[in-house]
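The whole structure should be built from the sequences, with the hints applied where relevant.
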Amino acid sequence: MFTSTSNRWRAPLVAAVFTTVALAAAGCSSSGSTGVPTAASSGSSDALYKDAIVAKAADILPGSTMAAIKKRGKLIVAEALDAPLLSQQDPSNPDSVTGFDADLAKLLAIYILGKPNVEIVPPASETREALLANGTVDVVFNTYTITTQRAAQVDFAGPYFESGLAVAVKSDNTDIKSIDDLGGKTVIVGANTPAVTTVPEKQPTAKIVSFGTDPEAVLALTQGRGDAYVQDQTLLASDALTNKAMKVVGQPFTKEAYGIGLKLGDSDFKKFINNWLVKIQKNGTWGKVWKASLGTVVQSDIPTPPAIGSVPGS
Amino acid sequence: MNVLIDHLGDVLGALGTTLVMFLIAGVGSIVIGVLVTVARVSPIPLLRWVAFAYVQFFINVPLLALLVLAVFALPDAGIIAPLEPTAIVVLAVYEAAYVAEAVRSGVNTVAVGQLEAARALGFNQLQSLRLIVVPQALRAVVQPIGNVMIALVMNTALAAAVGVVELTSEVNKVNLIEAQPIAIFAGAGVIYMAIALVIGLAAGWVERRVAIVR
Chain A
61 MFTSTSNRWR APLVAAVFTT VALAAAGCSS SGSTGVPTAA SSGSSDALYK DAIVAKAADI
121 LPGSTMAAIK KRGKLIVAEA LDAPLLSQQD PSNPDSVTGF DADLAKLLAI YILGKPNVEI
181 VPPASETREA LLANGTVDVV FNTYTITTQR AAQVDFAGPY FESGLAVAVK SDNTDIKSID
241 DLGGKTVIVG ANTPAVTTVP EKQPTAKIVS FGTDPEAVLA LTQGRGDAYV QDQTLLASDA
301 LTNKAMKVVG QPFTKEAYGI GLKLGDSDFK KFINNWLVKI QKNGTWGKVW KASLGTVVQS
361 DIPTPPAIGS VPGS
Chain B
5 MNVLIDHLGD VLGALGTTLV MFLIAGVGSI VIGVLVTVAR VSPIPLLRWV AFAYVQFFIN
65 VPLLALLVLA VFALPDAGII APLEPTAIVV LAVYEAAYVA EAVRSGVNTV AVGQLEAARA
125 LGFNQLQSLR LIVVPQALRA VVQPIGNVMI ALVMNTALAA AVGVVELTSE VNKVNLIEAQ
185 PIAIFAGAGV IYMAIALVIG LAAGWVERRV AIVR
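Going down the list, the protein sequences come from chains A and B. For the first sequence, the numbering used here gives the first residue as 61, with consecutive numbering after it. For the second sequence, the numbering used here gives the first residue as 5, with consecutive numbering after it.
Bear in mind the hints are in silico, worked out from the structure with no lab data behind them. These numbers come from a predicted model, not from an experiment. Here a beta-carbon is modelled for each residue, glycine too, at the ideal position from N, C-alpha and C. Warning: the hint list may mix true and false statements.
What the hints assert, rightly or not - Derived Cβ-Cβ restraints for the label pairs, each shown as a range:
| hint | chain 1 | residue 1 | chain 2 | residue 2 | range |
| --- | --- | --- | --- | --- | --- |
| 1 | A | G244 | B | A215 | 50 to 60 Å |
| 2 | B | P66 | A | D232 | 34 to 44 Å |
| 3 | B | L16 | A | N194 | 43 to 53 Å |
| 4 | A | L121 | B | V93 | 51 to 61 Å |
| 5 | B | P139 | A | G195 | 51 to 61 Å |
| 6 | B | W53 | A | P275 | 31 to 41 Å |
| 7 | B | L23 | A | K245 | 20 to 30 Å |
| 8 | B | R213 | A | G244 | 27 to 37 Å |
| 9 | B | L50 | A | T246 | 35 to 45 Å |
| 10 | A | T196 | B | I63 | 31 to 41 Å |
So this is what it looks like as structure tokens:
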């Protein structure tokens, strides 16, 4: 009964299917492993890589994780591809991944290998511990907040950066000035961010709505699905810079210490990376990386890097 | 599993949300799906065409795309609904397309002779659809509809991406605190498996009860 009709409609149908497939393919390009060759690194950070420090041969202990990485010739890093300022893949040049985490990962690769040979495995926040435990990745650079629960599953080098959660509201909102004004309000948070657990601790009466990605959360805020959006201060600052419909209010109300996730119990590797962190902090490389990434949206001097091992779990 | 038991209250609450979403969207999708099938086999060309377009649209657009559109694009058109009802409606209209395809295959099992007999006995079109075709078609496709319902339960997990706190979203949160992905997601998988098993067994039981012995 339908053979004749279905023929007539086949052409537009095929077009529709193709559009959907194209959309899906575009969405998927951020997943899967991406080898990031040296040549493609972006212009602003090239100078950083040129005079980056390299570990002395004596530091690469025989039989250690460092030696295995050196033998393999590339550092396998779990890092995001969709985190602006931290680890963002350039959509027009997929080989270029830049940001604070991404640049540090490349500098670590130089420290071990002498060249920024990084293979990126995009992690989901929910799989980072598993990726480390089963040896899929060497290190995790993924705004990985150090907590004691996590420290029971993985080792943390660092902390290498300290940030905090802040509150953003719609530009025309004058009632909410800080976390203290969020009681009984609907608060948008990013799924799998520290805000999911921190906001209920600070404001038990707030209603939490979580969205998968930062752009979704921003859209939800500006469309009025919540009264406020609680997220990392730096990320909010960069959102507010490009989106005039929202603003950041007050100062950060928590301290999140980000660590470099390592396989549990690899104390040589942890010591090795902590030494590297101290070195790049001392010679000013850390500050330059910050200035080139997060520093572009925050109007302040280069912050003091956190002391290694200064938080429980590191 | 131990980790999930530590957070039992929250996990059970979220499981409740998943089940509520499944029940409402499930009933809704069966009702819409049957109506779409009726339109699809009706003698009115416009209705047939609309039903065909409906099924093709929802089968060919990914559910996640539909959810994101409903949650983030509708507010721009001035329609802003709470998240959970939005997700339930999207799930219902989406799965209805699959129910419709299952029921249509059931319609094809009803012999043409039956319709001719109905006409000979003076049934009009609506009567023969309602009293002869649809009841027999549904009896023939209990198990396929059961499979669509299992798929529906699995698809409720996608609602986590648009802010609905159902089972997947909740175990994500638990994992964020406890950092034990394998134990936690294996536990969640077992819960989904148990739900699917119950639906599958229920479908089998219903099928045996209503089967037409020819």
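* To do: Tell me, in ascending order, the numbers of any earlier hints that this structure violates.
  => Hints 3 and 8 contradicted; others consistent.
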